[in-house]
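For the protein sequence lines, the chains are A and B, in the order given. Using the working numbering, you'd call the opening residue of the first sequence number 423 and step up by one each time. Using the working numbering, you'd call the opening residue of the second sequence number 4 and step up by one each time.
Simulated from the structure, these hints should not be mistaken for laboratory data. Source: prediction; values computed, not measured. From the three backbone atoms N, C-alpha and C, an ideal C-beta is built for every residue, glycine too. Incorrect hints may have been included.
[Claimed, not checked] Derived coverage of chain B by chain A (criterion: at least 3 residues anywhere in the stretch with Cβ under 8 Å from a Cβ of chain A; other residues may be distant): (1) 32-45; (2) 144-153.
[Claimed, not checked] What follows is a list of derived Cβ distance ranges for each label pair: (3) M199/B / G541/A: 21 to 29 Å; (4) V107/B / E697/A: 17 to 25 Å; (5) W239/B / K574/A: 52 to 60 Å; (6) M199/B / P535/A: 21 to 29 Å; (7) E776/A / L12/B: 57 to 65 Å; (8) L474/A / W201/B: 37 to 45 Å; (9) K574/A / D8/B: 26 to 34 Å; (10) S691/A / P110/B: 43 to 51 Å; (11) D593/A / P110/B: 38 to 46 Å; (12) T780/A / D8/B: 29 to 37 Å; (13) V43/B / S691/A: 42 to 50 Å; (14) N610/A / I170/B: 45 to 53 Å; (15) T780/A / Y138/B: 37 to 45 Å.
Next come the chains, spelled out residue by residue.
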Amino acid sequence: MLGVMAFSGCASGAQGSVPKGWSGGTIAGDTLFVGSMEGKLVAVDITDGSRLWAEILEEPASGGGFLSCAQASSTVAIYGSPAMAGELVYVGGYNGKVYAFNSTSGALRWVYPRQGDIGASIVGGSIAAHGKLYFSSSNGKVYALDEATGDKKWEFETGDKVWSTPAVEGDTLYVGSFDKKLYALDVNDGSKKWEFSAEGAIAATPLVVDGVVYIGSFDRYLYAVNAGDGSLKWKFHAENWFWAKPLVYQDTIYAGCLDGKVYALDAGSGEKVVEFDLGSPVSSSPVMADGSVIVATQAGVVYALDTASNQQKRLADLEEKIYASLVANEGKVYVHTEKDNLREIDILSGSMREFSITIK
Amino acid sequence: MGIGDIWDLIILSPLINVLIVLSDYLFNSLGLTIIVLTIVVRALMYPLTQKQLQASKAMQSVQAEVAELRKKYAKDKQRLAQEQMKLYKQSGMNPAGCMVPMLVQMPVWIALYQAIIRVLAAAPEGFLNLSHHLYSSWPMVFSLVPLGSTFLWLDLAVPDRTMVLPILVGGTMWVQQKMMTSATPDPQQRAQSQMMLWMMPLMFAFLTMSFPSGLALYWVTSNLISIVTQYFVTGWGGLVKKTADKKVTVDKKIEGRGTRQKAPLTEADIGADIVIEPSSAQEEGVSDGGKSGDTGTDRRRSYTASPRAARNKPRRSKDYRRKRR
Chain A
423 MLGVMAFSGC ASGAQGSVPK GWSGGTIAGD TLFVGSMEGK LVAVDITDGS
473 RLWAEILEEP ASGGGFLSCA QASSTVAIYG SPAMAGELVY VGGYNGKVYA
523 FNSTSGALRW VYPRQGDIGA SIVGGSIAAH GKLYFSSSNG KVYALDEATG
573 DKKWEFETGD KVWSTPAVEG DTLYVGSFDK KLYALDVNDG SKKWEFSAEG
623 AIAATPLVVD GVVYIGSFDR YLYAVNAGDG SLKWKFHAEN WFWAKPLVYQ
673 DTIYAGCLDG KVYALDAGSG EKVVEFDLGS PVSSSPVMAD GSVIVATQAG
723 VVYALDTASN QQKRLADLEE KIYASLVANE GKVYVHTEKD NLREIDILSG
773 SMREFSITIK
Chain B
4 MGIGDIWDLI ILSPLINVLI VLSDYLFNSL GLTIIVLTIV VRALMYPLTQ
54 KQLQASKAMQ SVQAEVAELR KKYAKDKQRL AQEQMKLYKQ SGMNPAGCMV
104 PMLVQMPVWI ALYQAIIRVL AAAPEGFLNL SHHLYSSWPM VFSLVPLGST
154 FLWLDLAVPD RTMVLPILVG GTMWVQQKMM TSATPDPQQR AQSQMMLWMM
204 PLMFAFLTMS FPSGLALYWV TSNLISIVTQ YFVTGWGGLV KKTADKKVTV
254 DKKIEGRGTR QKAPLTEADI GADIVIEPSS AQEEGVSDGG KSGDTGTDRR
304 RSYTASPRAA RNKPRRSKDY RRKRR
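Isolated chain A (complex conformation):
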């Protein structure tokens, strides 16, 4: 009996208890950097789709799981999109380490911490600004490292896991936590400027525009919070969690929700302008390209939402689940799917190219 349960657990594990990763891409020049599900940081030439280099993040210390259906994994899952600063590209791993590679050669420049790991997984992405690299961790801490050396500058502890990618605007860093709070920290020393309490945990990445922080929560609200003092400006209620980072275009906020809709809201009042029903949860952060909001559903369909006519157009059906954030460049959008395929979609024509990021 229990054997049956164990094996059903293995089956369910394949669907969710084994960390696989969902890294989005980051583009610098003609190169796209993405974390593969083989646990590698991969550099791809987007002009011809060739793989320039791939560097594996080291094996986790805990080793593999028994019968291959346990929590531990033999490769390092990568969830956050890589960050760029100068000649370095940064990526955090589920093994609790942050790596800095030379963006041209792929040579490892530094790793933080130098010995061991931070004792918890890194799920959110990292961001480089003011000569520092900021990232968050499941141990509830937000870290600031020296961009060039990887030396720790400061850390700030929240009350629970932090899966949100920090956002930096001016000298303030904004980050959401599972402790149901949005924090504003001083980028120089990590001291807290203010905190805003939501009713649910926060995993989404904040969007900071014109002195307002927009962030979604598991309590099904999208909040608009004044960046100066953390006071609530407005909030909008949906039917499920907000996981993806919202997007702003001409005073309209576009927020994808796990209820399968993208809500277009007036940035000033939070009033709903229009909603796009895509029929499948949206956890991947959308991008703006050629006057359209490009959004991908978990079911694998990529849509273009026309901001002028409020019409939705089906761009492509990849038939593979999509959790990773999208990245756009010169009329093209790049999608990293659950099956570790990287696709380039032309926004106007909908034509597709497949790039190789894994060795098959």
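Starting from the known structure of chain A, fit chain B onto it as the hints suggest.
Quick look at chain B alone, frame taken from chain A:
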């Protein structure tokens, strides 16, 4: 709507939502919630569990006869099946009686298992998928997730590195298996039982080292409930039988082959109908008409279970001993 959707709708989603709400009433402790929910589900399933255990016990009671039949019809499988069915019918039992309640309970147990796995959100993928199971009409479930995963010394979302849980899972499973094991004259079945007795606990102890400890907590709780349930329905089963078997073996050796081991002599041994031969000197004493003045108690003390005597002297019947007294 696929079978997976039906499963989620009818069984999995209700369990997940109940698990989350229950945690709010249990001090936001997921560990406590897992224990309580396991107890509640097992209590609801008790009538079926009881039926299953009783049917198993009934099946075990005819094991000797089944073994005989197997021996007798070893070469005729068809006849063996017929005779077995006949035996079950005569004994008033239905072999499906063991399986049907188990089959009914299985989906609930699997769902409970899956609910715990999902709520624990050991990996971001699993946690993201949890949102599909939450009831939009229950606002509180959205605010409560993710549930705190700390319980006692454990982080329920990761394996227990202290080895305490693997030992507990393996140990409780061994006890449960042992209680279920019955003495069978069939060597093949005996070997099978022995293998199960050790294989399952070891396998689950290893699994515990890799699975989130919240799941292991569920296994331990479930095993303990099974042990208690089984105790009330069928008693200690194979756990205590082994001791009795050992004693019988020793006695048989003394009686039959006359080993050099000395079995402890008790009051009950004297009164019982087992062969305790007097030593030759004392036998002479008895032949003098009991003039030695030995009391019953003294006489009892003077008796020994002499292996040599047992081997050399012919056995006396009950009547003979009664006459002597």
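Results for each hint:
Counting residues of the segment 32-45 of chain B whose CB lies closer than 8 Å to any CB of chain A gives 0, which falls below the minimum of 3, so the coverage claim is violated. With 4 residues carrying a beta carbon less than 8 Å from a beta carbon of chain A, the segment 144-153 of chain B meets the three-residue requirement, and the given coverage holds. Checked against the given bound of 21 to 29 Å, the beta carbons of M199/B and G541/A, roughly 40 Å apart, lie outside it. For the hinted restraint 17 to 25 Å between V107/B and E697/A, the CB-CB distance of approximately 44 Å leaves it violated.
At about 59 Å, the CB distance of W239/B to K574/A agrees with the hint of 52 to 60 Å. Our hint of 21 to 29 Å for M199/B and P535/A is violated, since their Cβ atoms are close to 47 Å apart. Evaluation of the 57 to 65 Å hint for E776/A and L12/B yields a failure: the beta carbon distance comes to about 36 Å. Distance hint check for L474/A and W201/B: the Cβ-Cβ separation is about 54 Å, which falls outside the suggested range of 37 to 45 Å.
The hint said 26 to 34 Å for the Cβ distance between K574/A and D8/B, and at roughly 48 Å that hint is violated. Between S691/A and P110/B, the C-beta spacing of about 49 Å keeps the proposed range 43 to 51 Å intact. Checking the proposed 38 to 46 Å range against D593/A and P110/B shows it is violated: the Cβ atoms sit about 56 Å from each other. Take T780/A and D8/B: their Cβ atoms lie about 31 Å apart, and the range 29 to 37 Å holds.
Range check, V43/B to S691/A: Cβ separation about 47 Å, and the 42 to 50 Å hint holds. Take N610/A and I170/B: their Cβ atoms lie about 50 Å apart, and the range 45 to 53 Å holds. Taking 37 to 45 Å as the suggested C-beta distance range, the pair T780/A and Y138/B conforms, at roughly 39 Å.
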